[in-house]
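Its first residue numbered 329, the sequence shown is counted upward by one per residue in the working numbering.
In case anyone wonders, no lab produced these hints; they're calculated from the structure. These numbers were taken from a predicted model, which means no experiment stands behind them. It is possible that part of the hints are untrue.
With a straight-line Cα cutoff of 27 angstroms, these simulated DSS-like cross-link-like pairs (lysine-lysine) come out [to be verified]: (1) 440 x 664; (2) 592 x 575; (3) 487 x 586; (4) 664 x 653.
If you anchor each label on the Cβ, the simulated ranges turn out as follows [as the list claims (entries may be wrong)]: (5) 591 x 487: 14 to 22 angstroms; (6) 519 x 496: 34 to 42 angstroms; (7) 656 x 462: 33 to 41 angstroms; (8) 546 x 493: 36 to 44 angstroms; (9) 441 x 490: 52 to 60 angstroms; (10) 563 x 456: 20 to 28 angstroms; (11) 431 x 478: 22 to 30 angstroms; (12) 478 x 578: 33 to 41 angstroms.
All C-beta atoms, glycine included, are put in the ideal place defined by N, C-alpha and C.
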Amino acid sequence: MQFLQILSRKLGSLEMLFQIPFCQKQVPYTCLSTSSSVYSKKKKRNSYEQVDQEKYKNLVHSVTSYKTSAQTPETILEEDNLLYGPPAKHRPPIKAATKTPRNWVPLINPSKRILPVSSHSNVPMKIGLQRTKMPSVTRILQQTLSPQQVFYLERWKQKMIEELGKEGFEEYTKNLFLQGELFHSALESIFLSEEMAAREQGEDDVVAGYLSSVEHVLEDISEVKALESGVHHETLQYLGLVDCVAKYRGQLCVIDWKTSEKPKPFLQNTYDNPLQVAAYIGAINHDANYDFQVRCGLIVVAYKNGSPAHPHFMDPDLCSQYWNKWLLRLEEYMDKN
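Working from the sequences, and respecting the hints, build out all of it.
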């Protein structure tokens, strides 16, 4: 009996314990309610229910019917042609084939007879350039420059005129040609065993830096066969003046001496000079005045400040590539004239 009384008192206290906090905070009972009336206020209406089902019935049917449509490769191709045109128009562009000259002549003359070495072979040849109606290599290259080359040359010319004035630019180009002529003359004197006279002359004039620049290249040159000698291609009918034909590190080469104020460490920096060398090689090989044939080329770029020159050697394969390019330029010139 006493136990029941104690339990009833404790239950009463527990009831008070739960009632007091809820009463103090005044929490509404509706927050715990799960009645359908409260939930129905929060429920969102489906927007698709407002769509006019009858109006779009045909569209829905046409879309869903494709799930079972029997399309074939032919029907797909027809759709592609209708939308994008024939497939051929959208294939990756085919790389243009390498253009070949119409009138191809070999770089090496297969019918040329090589004469035995004569007792005077140690004397370099120097044949005068015959003035005929045949165009020169320099003229052909100048008149077949690409639009890009013409643009850059003209831009350089205008820039120099702005800096130096028209008369100053004319004087500048005149001095460049003069320096080139003096440099070639000094090299010719060296190859003709007039080394001391050429060096003494070079110490006090403008070519001293150029001669110092090519000094390391001259050590690799031997057996000079021609100097400042005229050549002409008997079949293709063009002519030119070769700077030098000699052995460079044991390989017989057409050597072209160039002067520059800017470094040209790579062959591509020499622009059309490789075509010029290839043209001279072909002319020598088809010129009856020369009893030898050449397969290699060398472009030597000398610097006025005396910094080491850049020699660019052209092996037979490279010469053949530039020979084909030269033939195309020659054909372009002939077509224009």
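Check your understanding: If you draw a straight line from the CA of residue 664 to the CA of residue 653, is it 27 angstroms or shorter?
Key -> Status holds; Cα separation ~17 angstroms.
Check your understanding: Should the hint that residue 591 and residue 487 are 14 to 22 angstroms apart at their CB atoms be regarded as holding?
Key -> Between residue 591 and residue 487, where Cβ atoms are some 19 angstroms apart, the hint holds.
Exercise for review: Using the beta carbons of residue 656 and residue 462, state whether their distance is inside 33 to 41 angstroms or not.
Suggested key: 19 angstroms, violated
**Study point:** Given pair status - residue 664, residue 440, alpha carbons within 27 angstroms
**Key:** Cα-Cα ~31 angstroms, so violated.
Practice item. Using the beta carbons of residue 563 and residue 456, state whether their distance is inside 20 to 28 angstroms or not. Key: Taking Cβ atoms as reference, residue 563 and residue 456 lie about 21 angstroms apart, which means the hint holds.
Review point. Between residue 441 and residue 490, does the beta-carbon spacing fit 52 to 60 angstroms?
Key: With a Cβ separation near 57 angstroms, residue 441 and residue 490 satisfy 52 to 60 angstroms, so the hint holds.
Point to revise | Hint check for residue 478 and residue 431 - Cβ pair distance inside 22 to 30 angstroms | key: 26 angstroms Cβ-Cβ, so the 22 to 30 angstroms window holds.
Check your understanding: Given the hint that residue 487 pairs with residue 586, does the C-alpha gap stay at or below 27 angstroms?
Key -> Roughly 23 angstroms separates the two Cα atoms, so the pair holds.
Review point. Does 33 to 41 angstroms hold as the CB distance between residue 478 and residue 578, or does it fail?
Key: The hint (33 to 41 angstroms, Cβ to Cβ) holds, given that residue 478 and residue 578 are roughly 40 angstroms apart.
**Study point:** Agreement of residue 592 and residue 575 with the hint, judged by alpha carbon distance not exceeding 27 angstroms
**Key:** Given that 27 angstroms is the threshold and the Cα spacing comes to 23 angstroms, the pair holds.
Practice item. For residue 519 and residue 496, compare the CB-CB distance with the range 34 to 42 angstroms and indicate the outcome. Key: Hint holds: Cβ distance 35 angstroms, inside 34 to 42 angstroms.
Review point. Okay, residue 546 versus residue 493 on CB: inside 36 to 44 angstroms?
Key: 38 angstroms, holds
In summary, the numbered hints that this structure violates are 1 and 7.
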